[in-house]
Structures are given as structure tokens and as C-alpha cells.
Amino acid sequence: MKLVITIVQDEDTNKLIQRLNQEGFMATKLASTGGFLKTGNTTIFVGVEESKVEDVIEIIKEVCKTTKQMSLLNQPIASMTEGYISYPIEVSVGGATIFVVDVEKYLKI
Amino acid sequence: MKLVITIVQDEDTNKLIQRLNQEGFMATKLASTGGFLKTGNTTIFVGVEESKVEDVIEIIKEVCKTTKQMSLLNQPIASMTEGYISYPIEVSVGGATIFVVDVEKYLKI
Amino acid sequence: MKLVITIVQDEDTNKLIQRLNQEGFMATKLASTGGFLKTGNTTIFVGVEESKVEDVIEIIKEVCKTTKQMSLLNQPIASMTEGYISYPIEVSVGGATIFVVDVEKYLKI
Ligand code: NI
Ligand code: NI
Ligand code: NI
Numbered sequence: 001m002k003l004v005i006t007i008v009q010d011e012d013t014n015k016l017i018q019r020l021n022q023e024g025f026m027a028t029k030l031a032s033t034g035g036f037l038k039t040g041n042t043t044i045f046v047g048v049e050e051s052k053v054e055d056v057i058e059i060i061k062e063v064c065k066t067t068k069q070m071s072l073l074n075q076p077i078a079s080m081t082e083g084y085i086s087y088p089i090e091v092s093v094g095g096a097t098i099f100v101v102d103v104e105k106y107l108k109i
Numbered sequence: 001m002k003l004v005i006t007i008v009q010d011e012d013t014n015k016l017i018q019r020l021n022q023e024g025f026m027a028t029k030l031a032s033t034g035g036f037l038k039t040g041n042t043t044i045f046v047g048v049e050e051s052k053v054e055d056v057i058e059i060i061k062e063v064c065k066t067t068k069q070m071s072l073l074n075q076p077i078a079s080m081t082e083g084y085i086s087y088p089i090e091v092s093v094g095g096a097t098i099f100v101v102d103v104e105k106y107l108k109i
Numbered sequence: 001m002k003l004v005i006t007i008v009q010d011e012d013t014n015k016l017i018q019r020l021n022q023e024g025f026m027a028t029k030l031a032s033t034g035g036f037l038k039t040g041n042t043t044i045f046v047g048v049e050e051s052k053v054e055d056v057i058e059i060i061k062e063v064c065k066t067t068k069q070m071s072l073l074n075q076p077i078a079s080m081t082e083g084y085i086s087y088p089i090e091v092s093v094g095g096a097t098i099f100v101v102d103v104e105k106y107l108k109i
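Protein chains in written order, with the UniProt record's numbering: chain F, 1 to 109; chain R, 1 to 109; chain Z, 1 to 109.
Errors might be hidden in some of the hints.
A pair counts as met if it fits within one copy or between any two copies, since identical chains are not told apart.
When the alpha-carbon atoms are kept at most 30 Å apart in a straight line, the in silico DSSO-like pairs for lysine-lysine are as follows [to be verified]:
{"no.": "1", "residue 1": "Lys108", "residue 2": "Lys68"}
{"no.": "2", "residue 1": "Lys52", "residue 2": "Lys65"}
{"no.": "3", "residue 1": "Lys68", "residue 2": "Lys105"}
{"no.": "4", "residue 1": "Lys15", "residue 2": "Lys68"}
{"no.": "5", "residue 1": "Lys61", "residue 2": "Lys108"}
{"no.": "6", "residue 1": "Lys52", "residue 2": "Lys15"}
{"no.": "7", "residue 1": "Lys15", "residue 2": "Lys61"}
{"no.": "8", "residue 1": "Lys61", "residue 2": "Lys105"}
{"no.": "9", "residue 1": "Lys105", "residue 2": "Lys52"}
{"no.": "10", "residue 1": "Lys108", "residue 2": "Lys15"}
{"no.": "11", "residue 1": "Lys52", "residue 2": "Lys108"}
What the hints contain is simulated information worked out from the structure, not anything from laboratory work.
Note that the coordinates shown come from a computational prediction; the quantities given were computed from them, not determined experimentally.
Working from the sequences, and respecting the hints, build out all of it.
Next up, the structure:
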């Protein structure tokens with residue numbers, strides 16, 4: 001048995017839990033903040049048979065994959081008292097950090 | 001040293017923490033939601049000497065054991081516009097999921 | 001890869017996360033209550049290369065070290081209906097509990 005601990009962005013949490021449940025994996029959501037990913041994030045525990053670890057990782061990759069999005073960066077204009085020029089910049093959203101930990105004993109009572 | 005990670009129902013949390021403390025075990029409660037157990041649940045970390053892991057599991061079993069309770073299921077009556085018949089059904093309450101993880105290094109500072 | 005799970009007092013949390021980030025370590029904060037340390041506490045996950053575990057522990061020690069502080073204990077005076085004598089007593093503040101767990105697989109996606 002393995003425990004997959006994954007830290008994902010808040011906005012991916014519900015979809016990930018739903019997908020994991022659909023595939024028969026039980027996931028527990030812990031509130032978490034800051035750290036691995038800059039925006040609000042959530043830590044999820046998934047208990048899983050060793051042979052299914054890759055399936056869980058695959059689901060996390062699908063739901064939480066980093067994508068490039070265009071965002072507007074407002075930059076003050078030096079020659080004006082008040083004023084900004086908006087530059088479109090590419091930002092990465094999504095992503096996940098995954099730790100797989102061995103479980104020596106697993107019980108459901 | 002082992003880390004016992006257990007996910008229990010919210011309603012069993014306080015009693016479990018109290019029992020663990022009484023027996024000399026230190027438990028940390030993490031807020032958690034959804035997942036392993038359908039109703040509101042709580043994740044608890046218990047750091048424990050290898051020789052005491054079974055004692056901790058025994059306490060969790062005692063406090064969180066699944067019990068059958070009778071609950072009323074309201075079923076609409078087909079022949080009436082509005083109306084329900086209440087059937088008593090057996091539901092399981094309580095229960096816990098337990099993961100025991102090895103701790104390579106343990107420090108109290 | 002190792003996962004350092006540390007439970008620290010609420011008041012040390014922000015400073016610890018800041019120091020860990022400054023030194024290049026990524027920390028995730030989980031809300032937690034009760035247990036290992038009597039006052040409000042926070043559980044922090046730090047994913048770290050094996051060779052850097054001692055550096056992380058050193059930072060936790062520096063930020064969260066137990067210190068003795070003088071505090072006033074109010075003791076009722078037996079001979080008076082209402083009245084207290086304040087005794088200065090030494091109390092320990094700070095402290096941390098640290099668990100280092102092996103990570104079999106680590107991924108950032
Ligand atoms: Ni296993
Ligand atoms: Ni050990
Ligand atoms: Ni490793």
C-alpha cells in the first residue's frame with residue numbers, strides 16, 4: 001500500500017477528487033495554504049495499492065497539468081503621472097507536487 | 001518511530017483524541033473533508049514508538065468501530081401526489097481508515 | 001527525497017515558512033489543532049533532498065527553539081474573599097515536533 005500525497009491548486013481540487021472517485025480511488029482533502037505552489041492550494045491524500053500508483057499519478061497529471069495562459073501585466077508609464085500600459089505575458093497555471101510514501105500497515109475498520 | 005495517520009468521522013474525533021491523550025499518546029488533528037469516509041471527517045497524526053502501534057490501533061478500533069444503526073428512509077408513494085412512506089433501514093456509522101508510515105528520524109525540540 | 005513533517009506553534013509558523021522559503025525550501029502549511037503542542041499549532045510539510053534534511057531541521061530549531069519566559073501565575077489568597085497574589089513562574093514557549101519520512105517517488109508536474 002502507498003500513500004500518494006499531492007499538493008494541487010485549489011481550482012483543480014474538486015475535479016481531481018471527482019476523477020479519483022470515479023476511478024475507484026478514495027481521496028481525503030486537507031486544507032492547506034502557501035508553499036509549494038504560489039496560489040491557494042490543497043493537500044490531498046490518496047491511499048492506493050502499489051500497482052495502481054501510476055494510474056493515480058496519471059489522473060493527477062491529466063487534471064492538474066501546467067498550462068500556459070496569456071495574462072495582462074500592467075506596467076506604469078514613466079512619462080505620465082498616472083497611467084499603465086498593459087503587456088500580455090505568458091503565465092503558467094495548474095501544476096501539482098506529488099510525494100509517494102510507503103505504507104507499512106493499512107487498515108479499514 | 002512510526003506515524004499513524006488515521007481518518008475518522010468528525011463525531012469520533014474528540015473522543016479519540018481524549019482517549020489517545022489519556023493513554024499517553026500525542027495526537028495532532030488536521031482538518032479534512034470528503035473522501036475516505038463519506039461524511040465529514042478528520043485526519044489525525046499520532047507519532048508513536050513501533051512497540052505501541054498496536055495499542056494505538058486498538059484504541060482507534062474501540063472508539064471508531066463501525067456500528068449498525070436503524071435510520072428512516074423516506075420513499076415517495078407512487079399512487080399519491082405528495083406522500084412518503086418511511087422505511088427503517090440499517091446504516092453503518094463510524095469506521096476509520098488507518099495508514100502506518102515509517103518515521104526515519106524523530107525529533108522534539 | 002524526504003518529507004519533513006513538522007508541528008510547530010502557530011506563532012512560529014509565518015517566520016518558519018519565510019525562513020524556509022528564503023533558503024530555497026518549499027513548505028506547505030496545513031491547519032491543525034491540539035495534540036503534540038498544547039497551544040494552537042500548525043503542521044508544515046517540507047519536501048527536501050536527503051542531503052538537505054539537516055539544513056531544514058537546523059532552521060526549524062533556530063526559529064522554533066523552546067525558550068523559558070517568565071509568566072505571572074495568579075493564585076487566590078485563602079484569607080481574602082476576593083484577591084490574588086501574582087507569582088512569577090517560568091514557562092516554556094516554542095518547540096516543535098519533527099518527523100522525517102522517506103519519499104519513494106517525487107514528482108513536480
Ligand atoms: Ni505497501
Ligand atoms: Ni522507526
Ligand atoms: Ni529519497
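Consistency of the hints with the structure:
1. Lys108 x Lys68: Between copies only: 16 Å across chains, 41 Å inside a chain, cut-off 30 Å.
2. Lys52 x Lys65: Classified as both; 19 Å inside a copy, 28 Å across copies.
3. Lys68 x Lys105: between (41 Å within a copy, 26 Å between copies)
4. Lys15 x Lys68: within (19 Å within a copy, 32 Å between copies)
5. Lys61 x Lys108: Both. Shortest intra-copy (28 Å) and inter-copy (10 Å) distances satisfy the 30 Å Cα cut-off.
6. Lys52 x Lys15: within (19 Å within a copy, 34 Å between copies)
7. Lys15 x Lys61: within (12 Å within a copy, 32 Å between copies)
8. Lys61 x Lys105: Cα proximity of Lys61 and Lys105: in one copy and across copies (27 Å, 15 Å).
9. Lys105 x Lys52: both (17 Å within a copy, 14 Å between copies)
10. Lys108 x Lys15: both (25 Å within a copy, 19 Å between copies)
11. Lys52 x Lys108: both (18 Å within a copy, 19 Å between copies)
Consistency note: the structure conflicts with none of the earlier hints.
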